[in-house]
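Q: Take a look at the letters that make up each chain.
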Amino acid sequence: MDSIDKIHWAFTDRILEFFKETGHVMRFTGHFFSLGLKPRFEVKELLTQCYLIGYKSLPLIGLTGFIMGLVLTMQLRPSLISYGVESELPVMVGIAIVREIGPVITALIFAGKIGSSIGAELGSMKVTEQIDAMEVSGTNPFKYLVATRVLASTLMLPILTILSDAISLFGAYIGVNIRSVTSIRLFYTQVFDSLSFGDLTPAVIKTFFFGFAVGIVGCYKGYNSSKGTRGVGSSANTAVVLASVLIFIIDLLAVQLTDVLGLN
Amino acid sequence: MANQGENNIKLGVFTLAGLLVLIFSFYMIGKNHNLFGGGFEIKVRFSNLNGLIAGNNVLYSGIQAGTVKDMQLINDTSIEVILLIDPKVGSFIHKDAIATVGTEGLMGNKVINIQPGTGKSLAISKGDYLQTRKAVSTDAMLQTLDKTNNNIALISEELKGTVQRINESKILELLNDKELSPVLRSSLKNIHEATANARDMAVNLDIIVKGIRKGRGAAGLLLTDTAFAGNLNNTMQKVSSVSDQANLATIRLNTLIEAVSQDLSSKDGSLYVLLRDSAVAGQLKQTMKNIQDGTAGFNQNMEALKHNFLLRGYFKSLEKKKKEGQ
Amino acid sequence: METPIRSSTTGKITGKPEAVIEIEHLCKRFGENVVLNDFNLKVYENENLVVLGKSGSGKSVLIKCIIGLLKPDSGKIIVLGKNIPELDHEDLDKIRTKIGFLFQGNALYDSMTVRENLEFSLRRQWIRLPQTEVDAMVKEALDNVGLPHTVDMMPAELSGGMLKRVALARTLILKPEIILYDEPTTGLDPVTAREIDNLILSLQKKYHTASIIISHDMNCVKNTADRVVLLLDGKCYMEGTYQELEDATDENIKQFFE
Numbered sequence: 041m042d043s044i045d046k047i048h049w050a051f052t053d054r055i056l057e058f059f060k061e062t063g064h065v066m067r068f069t070g071h072f073f074s075l076g077l078k079p080r081f082e083v084k085e086l087l088t089q090c091y092l093i094g095y096k097s098l099p100l101i102g103l104t105g106f107i108m109g110l111v112l113t114m115q116l117r118p119s120l121i122s123y124g125v126e127s128e129l130p131v132m133v134g135i136a137i138v139r140e141i142g143p144v145i146t147a148l149i150f151a152g153k154i155g156s157s158i159g160a161e162l163g164s165m166k167v168t169e170q171i172d173a174m175e176v177s178g179t180n181p182f183k184y185l186v187a188t189r190v191l192a193s194t195l196m197l198p199i200l201t202i203l204s205d206a207i208s209l210f211g212a213y214i215g216v217n218i219r220s221v222t223s224i225r226l227f228y229t230q231v232f233d234s235l236s237f238g239d240l241t242p243a244v245i246k247t248f249f250f251g252f253a254v255g256i257v258g259c260y261k262g263y264n265s266s267k268g269t270r271g272v273g274s275s276a277n278t279a280v281v282l283a284s285v286l287i288f289i290i291d292l293l294a295v296q297l298t299d300v301l302g303l304n
Numbered sequence: 272m273a274n275q276g277e278n279n280i281k282l283g284v285f286t287l288a289g290l291l292v293l294i295f296s297f298y299m300i301g302k303n304h305n306l307f308g309g310g311f312e313i314k315v316r317f318s319n320l321n322g323l324i325a326g327n328n329v330l331y332s333g334i335q336a337g338t339v340k341d342m343q344l345i346n347d348t349s350i351e352v353i354l355l356i357d358p359k360v361g362s363f364i365h366k367d368a369i370a371t372v373g374t375e376g377l378m379g380n381k382v383i384n385i386q387p388g389t390g391k392s393l394a395i396s397k398g399d400y401l402q403t404r405k406a407v408s409t410d411a412m413l414q415t416l417d418k419t420n421n422n423i424a425l426i427s428e429e430l431k432g433t434v435q436r437i438n439e440s441k442i443l444e445l446l447n448d449k450e451l452s453p454v455l456r457s458s459l460k461n462i463h464e465a466t467a468n469a470r471d472m473a474v475n476l477d478i479i480v481k482g483i484r485k486g487r488g489a490a491g492l493l494l495t496d497t498a499f500a501g502n503l504n505n506t507m508q509k510v511s512s513v514s515d516q517a518n519l520a521t522i523r524l525n526t527l528i529e530a531v532s533q534d535l536s537s538k539d540g541s542l543y544v545l546l547r548d549s550a551v552a553g554q555l556k557q558t559m560k561n562i563q564d565g566t567a568g569f570n571q572n573m574e575a576l577k578h579n580f581l582l583r584g585y586f587k588s589l590e591k592k593k594k595e596g597q
Numbered sequence: 043m044e045t046p047i048r049s050s051t052t053g054k055i056t057g058k059p060e061a062v063i064e065i066e067h068l069c070k071r072f073g074e075n076v077v078l079n080d081f082n083l084k085v086y087e088n089e090n091l092v093v094l095g096k097s098g099s100g101k102s103v104l105i106k107c108i109i110g111l112l113k114p115d116s117g118k119i120i121v122l123g124k125n126i127p128e129l130d131h132e133d134l135d136k137i138r139t140k141i142g143f144l145f146q147g148n149a150l151y152d153s154m155t156v157r158e159n160l161e162f163s164l165r166r167q168w169i170r171l172p173q174t175e176v177d178a179m180v181k182e183a184l185d186n187v188g189l190p191h192t193v194d195m196m197p198a199e200l201s202g203g204m205l206k207r208v209a210l211a212r213t214l215i216l217k218p219e220i221i222l223y224d225e226p227t228t229g230l231d232p233v234t235a236r237e238i239d240n241l242i243l244s245l246q247k248k249y250h251t252a253s254i255i256i257s258h259d260m261n262c263v264k265n266t267a268d269r270v271v272l273l274l275d276g277k278c279y280m281e282g283t284y285q286e287l288e289d290a291t292d293e294n295i296k297q298f299f300e
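Chains A, B and C are the protein sequences, given in the same order. Note that my numbering has the first sequence beginning at 41, numbered continuously upward. Note that my numbering has the second sequence beginning at 272, numbered continuously upward. Note that my numbering has the third sequence beginning at 43, numbered continuously upward.
Bear in mind the hints are in silico, worked out from the structure with no lab data behind them. Hints are not guaranteed to be accurate.
What the hints assert, rightly or not - Not the full set, but computed from the structure, chain A residues with beta-carbon under 7 Å of chain C:
| # | residue |
| --- | --- |
| 1 | Pro99 |
| 2 | Asp172 |
| 3 | Pro181 |
| 4 | Thr229 |
| 5 | Gln230 |
| 6 | Asp233 |
| 7 | Ser236 |
Unchecked claim - Mimicking EDC-like on lysine to aspartate or glutamate, the simulated pairs with C-alpha atoms at most 20 Å apart in a straight line are:
| # | chain 1 | residue 1 | chain 2 | residue 2 |
| --- | --- | --- | --- | --- |
| 8 | A | Lys267 | C | Glu225 |
| 9 | B | Lys340 | A | Glu85 |
| 10 | A | Lys183 | C | Asp130 |
| 11 | A | Lys183 | C | Asp152 |
| 12 | B | Lys281 | A | Glu85 |
| 13 | B | Lys359 | A | Glu128 |
| 14 | A | Lys84 | B | Glu277 |
| 15 | A | Lys84 | C | Asp130 |
| 16 | A | Lys183 | C | Glu132 |
| 17 | A | Lys78 | C | Glu225 |
| 18 | B | Lys381 | A | Glu128 |
| 19 | A | Lys78 | C | Glu158 |
| 20 | A | Lys183 | C | Asp135 |
Everything numeric in this text was worked out from a predicted model, so none of it was measured. Every residue gets a Cβ at the ideal spot worked out from N, C-alpha and C, and that includes glycine.
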């Protein structure tokens with residue numbers, strides 16, 4: 041009986057903890073909108089963060105995008121051949137990359153790289169009282185650290201996704217050319233012919249939300265890091281996990297929404 | 272901080288590159304959907320769209336000519352489709368061009384195919400209605416083919432009888448005109464030959480139609496069964512040759528009939544004078560017309576058969592083989 | 043730089059030294075744990091006050107309440123005439139420019155060079171300063187702590203004592219009227235610790251600041267304290283000079299000297 045009670049309480053504790061955490065994240069997000077977007081922007085820091093978060097992530101995201109396009113093409117080819125529609129390969133790959141795989145994979149890699157680095161950076165700043173020092177010196181650390189990073193990741197992920205899509209399609213082009221020959225002109229004509237605004241627009245819009253989720257979760261976890269190096273590690277870790285889950289949830293909502301709006 | 276400026280440049284290039292790719296993509300998509308650079312609207316009414324949706328392509332003789340912009344139900348049997356036509360292609364489309372709903376590839380998107388008309392009428396302009404033709408179904412086509420066939424048989428029978436009668440009536444021999452008589456005779460002989468041809472053709476066609484009927488049930492069978500493909504091969508060859516024959520016969524018949532009927536209708540015409548028998552003349556005239564209609568209808572059916580999607584592949588492969596043979 | 047402009051915030055024109063910090067009935071608890079319980083304290087200008095206490099006795103909490111990093115549950119903290127817990131963000135930032143805070147772990151921004159660390163608080167101010175003035179202030183601050191050559195180094199390249207000096211330079215760059223030191227000598231070897239003590243004293247003399255020094259290092263207390271307050275169980279247990287403290291017979295006081 042005792043053990044059952046214990047389990048019961050542990051379970052309810054977990055649930056309560058979850059809602060508490062959700063509430064905290066919501067408050068943090070609200071804080072971002074109420075405080076982080078008010079004037080006296082930290083433009084310089086925002087640019088620095090955009091550079092670090094966006095530009096510096098390009099090689100990694102470009103590489104994964106390229107491999108993804110190549111591999112996807114080679115994996116799809118046998119199925120398409122069995123239906124006798126091998127010529128539709130660029131169309132299939134193009135739609136898959138632009139609509140879903142490009143945004144989601146890019147966001148996940150982004151969460152892994154940026155979410156953890158924001159979580160760890162802010163976590164260690166918190167632990168070593170650098171955030172307090174900032175506050176004491178008359179700087180609002182929320183604005184200086186959180187708002188800039190959240191904004192930077194919100195703005196940079198869409199750009200990274202677009203570039204990654206382009207690189208992926210190039211990878212796909214190479215993938216097509218491993219077994220057969222297609223001119224790059226025919227390839228991209230086929231890809232763009234099959235695409236519509238309903239494919240591209242929601243895919244681009246949702247990446248803003250992905251970027252926002254990665255930024256806000258990374259900042260939240262880092263900003264509320266517990267003391268000690270372990271706290272820093274765990275905030276980096278949970279930032280990535282939570283951001284990845286959120287990306288999938290947002291993706292799910294996005295697909296429902298575009299469906300309801302009839303954009304596909 | 273010394274390289275802050277440099278970093279900002281890199282960031283700027285990075286951001287611009289992303290935006291450029293985005294704008295380029297939007298432009299390419301927009302171009303494909305005729306959203307930029309004008310274009311004009313024309314209208315088509317169909318009774319069945321077979322799943323056509325806005326944004327589908329419009330092809331003119333197989334090249335991209337525009338997109339489907341909108342569609343609305345006009346009444347219980349017709350749907351008005353608004354097409355956005357690229358002016359560059361639009362100037363080549365004439366008012367008598369025919370629009371049909373087709374499919375891109377075997378299971379691709381729906382498209383609107385515009386087939387060129389005779390080219391005699393004016394080019395289309397904004398707001399014009401295009402003519403439509405229901406996409407021919409094999410079934411309906413075979414039915415008309417069957418009917419045409421019967422008609423041809425009947426007509427040729429009739430014609431034969433008439434000619435025979437004219438021949439036997441000895442009126443011709445009564446003629447004093449030594450020059451006219453042989454001419455008329457040879458004309459009649461020609462008609463005779465033509466009708467014989469037509470009869471042969473009708474027999475052939477009958478066999479063909481029956482052959483297609485057998486395999487008609489399963490489109491897949493029609494396309495994949497190699498045994499049947501062999502049959503089909505033969506059949507189609509026959510259809511081809513018959514249709515060629517028919518063409519020839521039609522042309523000859525047409526000129527003949529035109530000449531004869533002109534002769535018949537003008538009071539000065541030698542035949543009219545010769546026959547005097549207005550009843551026979553009327554009958555002959557009707558017969559001639561029937562033949563004309565019948566051959567024209569048959570030709571149309573043959574043409575449609577060639578364009579039918581099930582058989583199109585066959586014709587294509589035939590062409591390919593020809594090429595390979597060369 | 044001899045006599046920095048002093049705001050006569052309390053408005054008193056008496057011969058007695060003015061109190062720059064007045065703490066009345068300060069209470070702060072974390073959950074069940076009562077850290078400060080009806081704590082009262084006055085700090086006068088030009089004075090080095092040492093708050094002595096065991097680890098976890100609430101010394102750090104006290105100075106974090108003073109600078110507004112923590113919000114007290116009740117009580118007044120009047121700094122330069124303003125009650126800290128009642129200030130809004132903007133006024134708090136304004137008053138904070140007059141208070142320096144030396145963190146226990148230095149809290150130097152490790153992604154920035156020493157120069158950027160020092161400039162950071164300057165750039166945050168409402169009045170934008172010209173670059174030459176900023177450079178002069180950075181140089182002066184680093185000269186004060188004897189480390190002008192570190193200006194373009196990263197914090198990671200510096201030793202513990204140097205980090206503490208740079209942190210002190212950063213604290214001093216805005217010429218605050220009050221400086222709060224959170225265990226300035228903890229984690230340093232005795233020789234470096236004495237250097238820091240002397241630095242605190244000399245800078246205090248140079249800029250005439252009032253200071254609260256939190257420590258449990260008796261050498262530091264001995265060197266720097268004008269007055270000592272012993273914090274015990276969230277209350278001011280004893281107040282006096284270092285000598286008075288050393289002479290006391292109370293068990294609770296004696297244990298600090300063992």
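Q: Does each hint hold? Answer for all of them.
A: Tested hints:
At a threshold of 7 Å, the smallest CB-CB gap from Pro99/A to chain C is about 21 Å, leaving the interface hint violated. Checking Asp172/A against chain C: minimum C-beta separation of about 5 Å stays under 7 Å; hint holds. Using the Cβ-Cβ criterion of 7 Å, the hint placing Pro181/A at the interface with chain C is not satisfied: the shortest such distance is roughly 11 Å. At its closest, the beta carbon of Thr229/A sits 47 Å from a beta carbon of chain C; the interface hint therefore is violated under the 7 Å criterion.
The interface hint given for Gln230/A is broken, as the beta carbon of that residue sits about 47 Å from the closest beta carbon of chain C, more than 7 Å. Of the supplied interface hints, the one on Asp233/A is violated, with its beta-carbon coming no nearer than about 48 Å to a beta-carbon of chain C, more than 7 Å. Here the hint on Ser236/A is broken, as its CB sits about 44 Å from the closest CB of chain C, past 7 Å. Straight-line distance between C-alpha atoms of Lys267/A and Glu225/C comes to about 18 Å, which keeps the hinted pair within the 20 Å bound.
Distance hint between Lys340/B and Glu85/A is unfulfilled; the C-alpha atoms sit about 48 Å from each other, more than 20 Å. Annotation: proposed proximity of Lys183/A to Asp130/C holds, straight-line Cα distance about 16 Å (limit 20 Å). Restraint check for Lys183/A and Asp152/C: satisfied, since their Cα atoms lie roughly 19 Å apart, inside the 20 Å limit. Our distance criterion of 20 Å between C-alpha atoms is met by Lys281/B and Glu85/A, whose separation comes to about 15 Å.
Taking the CA atoms of Lys359/B and Glu128/A, the gap is near 28 Å; set against the 20 Å cutoff, the hint is violated. The hinted pair formed by Lys84/A and Glu277/B meets the criterion: a straight-line CA distance of about 13 Å does not exceed 20 Å. Restraint check for Lys84/A and Asp130/C: the C-alpha separation of about 26 Å exceeds 20 Å, so the hint is violated. The suggested pairing of Lys183/A with Glu132/C holds, with an alpha-carbon distance near 13 Å, which does not exceed 20 Å.
At most 20 Å may separate the alpha-carbon atoms for a hinted pair to count; Lys78/A and Glu225/C exceed this at roughly 36 Å. Pair hint Lys381/B plus Glu128/A holds up; C-alpha atoms about 15 Å apart against a cutoff of 20 Å. For the hint pairing Lys78/A with Glu158/C, the CA-to-CA distance comes to about 25 Å; that exceeds 20 Å, so the pair is violated. For the hint pairing Lys183/A with Asp135/C, the CA-to-CA distance comes to about 14 Å; that is within 20 Å, so the pair holds.
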